[in-house]
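Undergrad: Chains as they are written, first to last, in the working numbering: chain A, 1 to 268; chain B, 269 to 537; chain C, 538 to 891.
None of these hints come from the bench; they were simulated from the model.
Keep in mind it's a predicted model, so treat the numbers as computed, not measured.
Please note that a few of the clues may not be correct.
Stated by the list, open to error - Covered stretches of chain C, going by a simulated chain A footprint (3 or more residues, C-beta under 8 Å): (1) 574-584; (2) 595-607; (3) 618-630; (4) 677-689.
Quick reminder that beta carbons are idealized off the backbone N, C-alpha and C, glycines included.
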Amino acid sequence: MRGARLGVAGVPWLLVPAALGTALVALPVVAMALTVEWSQFWSLVTSEPSRDALWLSLRTATVSTLLCLVLGVPLALVLARSHGRAATLLRSVVLLPLVLPPVVGGIALLQAFGRRGLLGGSFTALGVDIAFTTTAVVIAQTFVAMPFLVLSLEGALRSTGTRFEDVAATLGAAPSLTLRRVTLPLALPGLVSGTILAFARCLGEFGATITFAGSLQGTTRTLPLEIYLQREGDPRAAVALSLVLVAVAVLVIGLTRARRSSLTAGTP
Amino acid sequence: MSARWARTRSYAVRAGAAVTGLTLLVACSGPASSGEGAATTSADTTLTVFAAASLQTPFEAIGAAFEEANPGTTVRFGFGGSSGLVAQLTEGAPADVLATANEATMTTAESAGLLAGTPRPFATNVLQIAVPADNPRRVDALADLADPATKVVLCAPAVPCGAASLAVEKAAGIDITPVSEEQSVTDVLGKVRSGEADAGLVYVTDVRGAGDSVRGIDFPEAAKAVNTYPIATLKGSENASFAIKFVAAVTSPDGQRVLRDAGFSPATP
Amino acid sequence: MTLDATVRLDDRAVDVSLSVADGETLALLGPNGAGKSSVLAALAGLVRPDAGHVTLDGRVLAGDTWVPAHDRDIALLAQDARLFPHLSVLDNVAFGPRARGAGRRGARATGERWLAEVGITAYAHRRPHELSGGQQQRVAVARALATEPRVLLVDEPLSALDVEAAPDVRDLLRRVLADRTAVVVTHDVVDAALLADRVAVMEHGRVVDEGPAARVLGRPRSDFGARFAGLNLVRGVAESGALRMPDGRLLHGLAEEREDPPVPIHDGARLTAVVAPTAVGVHLTHPHGSPRNALTATVTDLEPHGHLVRVRTDTLTADITPGAAAELGLRRGSAVVLSVKATEVHLHVTGTDL
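Generate coordinates for the entire structure from the input sequences, incorporating the hints supplied.
TA: Written out as structure tokens, the structure is:
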């Protein structure tokens, strides 16, 4: 275990902007914790709309994260092992949601999957309605969160390269076995942190959801939407719920760290 | 290019200053001074009006006329959700006049001790059924919205337009099951306009402002949820006389005409 | 011929033909950048040649068809050990058998057997990063052999090791390469001499010289070969710690044993002695001071070699100064006595008493 010490890389004045940066992030959260009315905190966060929102958020974020894995892992593999202009283009497309304002993402999703959108007609014909359903929430969350997973995993795959895959092949391992026993295990830290990032992004998703999915208690109103709504109705509830979201986020970060340290246990 | 750079840099400088200020604040932990309005005491007067978002079009017209009638005066608007505006004022945002979209929020402002004068109702607004231009579900009465096959989007009960929607539902004795309860009128309109929803309940003025993509349908029960817009001058005002003048301009026949053109009805005394 | 290959790789400007007989070890010797590793990659199936063919025991691996690497029965030992960092040492070795369909238990048993073979049993349950470079290379050898490959490809396996670890791994390789069909890529002439039956010298993407190790290393025909030309390789049988040459004479030397403490060489083991020509002295009569090795010989050739004169004889080759050559009055057919200090004779066990 290393001692608790803040390194300054021999440049002491770096501590000043570093401290400012910390304050900028930490202060608002602390301020929020200070303003919350603790006497009512429990009743505020356990009201029916709050519980519905939290439960919906956890459910949709979990499903969306799984969807991110199912779609994102192959995508990251393709990106990591491709070269040239086609790969660059593909990467730019896949990472687009990362740089788009989520509202724009919501509008774009509407144009594709909305009732009058590109594919919406076909979906309606099949009897599948996406708008205003929990499915829409999951699509919106997957849309904004997948790039986090892809980026993180692709980085891990690229840094490992194909050296170990070549070895596995010369030892007689077919490509699918190599993927399962070599490629993915080696990229596991990147996969885990990417998954957790994606989950956190799903939990926090607001803009695309409110634009694309709507807002109905228990169906599409996730925690961030509930917080935004309560700002209008009961600001104390908004602060209390925000704190709940902060707590979930801290828990997620904590899990990442715990998972990572157990993964790298033994490595110097 | 260089101008853009300069602007970017100035944002960065300001953001940096804000962060530095934040630290100083922490370091000194003294009470924040709120003397920002003190800078506007020169010959030119700037009047700041906080008004509900639905008032944007008519108020901008009234503001322009006001500036013309009072040379040297600039009217600045802060448009937004009524409760958000009141929250900002409570936090110390400097403004001279407040106009809200309902009386409840004005009462909140009053009990917070923000008002200088008594609030005056100056306009009313009623709900209308908004449908996409082609009205796919052939909606023509409020009762049609209770049809489960019709996708209806309402405002959430927590926001004023949602409270009004609830009131008309009760008055009509019907139960509408919305597919979504939106944050604001704008969100409801957006869903209707894009055709995602078959119908929504919004204010007459909103339908008027949305142009041809949305059609408005009057319904008698709307009279059961008339929304009254009050206006008041604020305590923090540095230009009390101009603030009173502006309120007068809104309630004047000219001001009322502008509001009527935007779809508002006159306030019932 | 078991392995027969013609490989053309356009972007590396490589175009070579090789054949390796059953049980034979071919050294692919050449300077860095000659394209040796690319040839191995093509043989292993990791790189698709632009033209050519690879045939193993009559089965076409590349050419008209393409057999992917995992289906070739060809193992590749890379310059670095490349052990899977997420698997234990034992699981690394068991990986190949598992991949080839062995059960978990069977694969582990195979792994344990090969770990014992390379002397790493004690570290079976460690992670690779806990091992030294030499130990990792040993595990890599075990891992490659555990798949029982038809052909073993070895790419500069000693180049990433420090001076201490290299002889150890070289000894191991010498043991496992005996009687195995293998291609060893190296730029080190000693490795080629000690590990290979035949040597192909590769320069600028072409094979410029090929033949039995003793011939290619003794009388090289290539530019690269000129650098190591004349290196004396004497094969024989161990006897009382010395090497009994085929003509019956004894050559005393130092055993290149890495075992600690040194293990004496068993009589009867096959040995190769490596002697640099500059270490060989030429005399007309038996020299004073009696060096351990004094061999009578007949001069077969005299040729200039840089600023020295190369004296070829019916036994060892010697490099001496032109002044000394003139003083001795050497000519073809002269009877001379060659002297070599025992410390300059490096004895390597090449035989198998595994």
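Undergrad: Now tell me if each hint is right for this structure.
TA: Evaluation of the provided hints:
1. With a threshold of 8 Å between beta carbons, the proposed coverage of the stretch 574-584 of chain C by chain A holds, since 3 of its residues qualify and at least three are required.
2. Counting residues of the stretch 595-607 of chain C whose CB lies closer than 8 Å to any CB of chain A gives 3, which reaches the minimum of 3, so the coverage claim holds.
3. Given as covered by chain A, the stretch 618-630 of chain C passes the check, having 4 residues with a CB less than 8 Å from a CB of that chain where 3 are the minimum.
4. Coverage of the stretch 677-689 of chain C by chain A holds in this model, with 3 residues showing a Cβ closer than 8 Å to a Cβ of that chain against a need of three.
Consistency with the previously given hints is maintained throughout, with no hint failing.
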